[in-house]
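S.K.: In case you want the letters, here they are:
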Amino acid sequence: MNLTEISFSRVKSEIELYLKQEYSKSNILFTPASPYGQILLVMENLYQLSMLFLKNSIKQFDLSEANALNGRVIRNAAIYVGHIPSRNISATGTIKFTVKTSSDLESDLPGGRITFNNRTALKNKTNGLEYSLNLGTDSLTYKVNPSSQFFISIIQGKWERITFTSNGEQNQTFQVNLRNNQKDIENFNYEVTVNGEYWTVKKHLYDLLPDEKACIVRTGFNGGIDVIFGNGGFGAIPTLASPIEINYLVSDGSSGSIFRRTPNDWTFTDLPIDGFGGTIEPTKIFDLSIFTDINFGADRENLNFTKNILPIVSNNFVIGLPQQYAYQIKRLGIFSHVNAYTDDNGVVYIVATPNIKLFKNTNSDYFNVDIAAFELDDYEKTKIDQYLRAGGNIQLTKRYVITSPRLSYYIINLFIITYSDASDDSVRSQIYDKISEYFLNFNRLDRVPKSDLVSQISSIKEIHSVEINFISRKNEDFHKQALLQQQNRASNVNNTFTTTETVNPDPDYNPLIYTGLDPILGDIIFEPNEIPIVRGGWYDRNNTYFSNNLDDGGLKSVNIIKKGTIDVKFRQTI
Amino acid sequence: MYYKEQYLDELYELTHRHDDDKNFVDYEKDILNRTLSPKLFENDRMFNFLGRLQRLLAILFDNVNIIKNFKNYNVDKYYYKHKN
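First to last, the protein sequences are chains A and B. Numbering (the working numbering) for the first sequence: 676 to 1249. Numbering (the working numbering) for the second sequence: 11 to 94.
Don't take each hint at face value.
[Unchecked claim] Which residues of chain A face chain B? A partial, calculated answer using Cβ under 8 angstroms:
(1) 727
(2) 728
(3) 729
(4) 732
(5) 837
(6) 838
(7) 854
(8) 857
(9) 865
(10) 898
(11) 901
(12) 908
(13) 912
[As the list claims (entries may be wrong)] Derived DSS-like pairs (lysine-lysine); straight-line CA-CA distance at most 25 angstroms:
(14) 1136(A) with 982(A)
(15) 771(A) with 1136(A)
(16) 93(B) with 833(A)
(17) 1125(A) with 1032(A)
(18) 49(B) with 687(A)
(19) 858(A) with 1125(A)
(20) 49(B) with 730(A)
(21) 878(A) with 81(B)
(22) 858(A) with 81(B)
(23) 39(B) with 49(B)
(24) 81(B) with 93(B)
(25) 32(B) with 81(B)
(26) 32(B) with 14(B)
(27) 734(A) with 87(B)
(28) 91(B) with 858(A)
(29) 734(A) with 14(B)
(30) 49(B) with 87(B)
(31) 49(B) with 833(A)
Everything labelled a hint here was simulated from the structure, so no lab data went into it. Ideal Cβ positions, reconstructed from N, Cα and C, are used throughout, including at glycine.
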């Protein structure tokens, strides 16, 4: 008999068959409705699940398997090569407390002061997520008078705690992870105490000094974090049976960012204390509003990103090369496009475009998202700066500058041949969708090949063939300027009333120059500090206006020119 | 089950006395309780039988865990408190 034929269900059915033959009541006694039938069914299912899991686990060892797109496989492989996959990063911001005009402080706030404890939990009413006060000290007390207002930093997430026991051995490790897949342990906010004493968290075992009260925290193999203690030579060993307490922030990642400024959108889960030591509901006395945006929330590193980033992983946590700056910022997941380059003086220029998807609402697309979404404001730049300093060791003497990309405007002209059964409106909206999706997920660093868009648009089944060309505003401005100069010179010549004189062309002007475009392939070409954007609202060299509104009748940012139709019977179906 | 059996009971108690990680499926105690009808456990004989069966199932899961933990050098070979 072939061994693969032995399966639990087959053995079970043979036993059932045997019982059926032996006992005439077998159909009643051994159905899944009977006790023994139910036990057998449950056993069978559990056994099958174990086998499935076993097969899946064994497949993990082979990354060439199609199944190797499994998140755990990729993440574990990345951890092996020294990369620490980033976990959710909580959104942070500031809320402003202003005394309500209607509140009577004498009766509403006994003692005239209010004390907030660090990590006081509060909830946002609109998104239903938990936030915590981030005071930077154990507690803060404010004297309150009718004109008082104060500002408190908050961070998205809820603080939780877990306790383990030391077994006194070298290199003890403890895993902390969550059962909820949407949530994750925050990337930066955790702390470790041993016997009630805070131990420093460092990045690598070799950073630990002999018997130093310090440990290492890394992203765990099963998600969450792994806390690793030293071996005496590198870091102290927690003594036998001592309690090891790990406090960590459970974060919801990007969903914790709040871009609207709805007033009084908060409820306090933990209550602050008034001047007489009683608890008090702050929302009764204060108006709460968002003072600085609660932003920079990011989800854990996605799978494709982990795969792509592995070649430039910095194992020593030093940020030195431009790629390493880009790596540190890209892993935040809140920038759609990050480019870092260096000049002759060794200054690293970091050009980052916020992930527009996070800023646009679900109904809008690439073409109508606010242009400001492509740029970083000063607050965002400061946050990147803080993040870089927290994320790695910046090489001494290295200077860096964080800038927004310069927007380089383009118009797309599309020439299409459709099948005869296609409706123009449907084709148009599908093309807009494809272009919008392409530029929202934009990840090119120096060139937009025409073929990228051609392949996207060719996948629309109503389209038979497509040709694309781009018009670059930079190019048009360059030639317009030259034409203008020529006209100016011509008018100057005319003013001299000498009709025999001819206008010499500018010897420096070359009409064949293309800026922002590849003259042969027609691709978009852009500098490291630029990002191409498909937007109208400007004139070309012949003073033709391209509108910014896709619904306009004239020329606009995407112009679709239909060159004909092909009978539907010629559509290739294979 | 395998995890605990590596240690003397007293030593296991000593090195886990502060542990409060309860957020996992304790299959050694729970797996059949959670998957079978509670009615079955009302019969004393069945109750005892299922208790023994549960131990056998726990061994099956313990063996699967060895593979699951194979690539994870941060946990014991028989670590069983997986969350996902």
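S.K.: For each hint, tell me whether it holds in the structure or not.
M.R.: To see whether the hints hold, each was checked on the structure:
no.	hint	verdict
1	727	10 angstroms, violated
2	728	6 angstroms, holds
3	729	6 angstroms, holds
4	732	4 angstroms, holds
5	837	6 angstroms, holds
6	838	5 angstroms, holds
7	854	5 angstroms, holds
8	857	12 angstroms, violated
9	865	15 angstroms, violated
10	898	6 angstroms, holds
11	901	5 angstroms, holds
12	908	19 angstroms, violated
13	912	13 angstroms, violated
14	1136(A) with 982(A)	32 angstroms, violated
15	771(A) with 1136(A)	53 angstroms, violated
16	93(B) with 833(A)	19 angstroms, holds
17	1125(A) with 1032(A)	23 angstroms, holds
18	49(B) with 687(A)	23 angstroms, holds
19	858(A) with 1125(A)	40 angstroms, violated
20	49(B) with 730(A)	34 angstroms, violated
21	878(A) with 81(B)	21 angstroms, holds
22	858(A) with 81(B)	24 angstroms, holds
23	39(B) with 49(B)	17 angstroms, holds
24	81(B) with 93(B)	16 angstroms, holds
25	32(B) with 81(B)	24 angstroms, holds
26	32(B) with 14(B)	15 angstroms, holds
27	734(A) with 87(B)	19 angstroms, holds
28	91(B) with 858(A)	18 angstroms, holds
29	734(A) with 14(B)	28 angstroms, violated
30	49(B) with 87(B)	36 angstroms, violated
31	49(B) with 833(A)	40 angstroms, violated
In summary, the structure is inconsistent with hints 1, 8, 9, 12, 13, 14, 15, 19, 20, 29, 30, 31 from the numbered list given earlier, while agreeing with the others.
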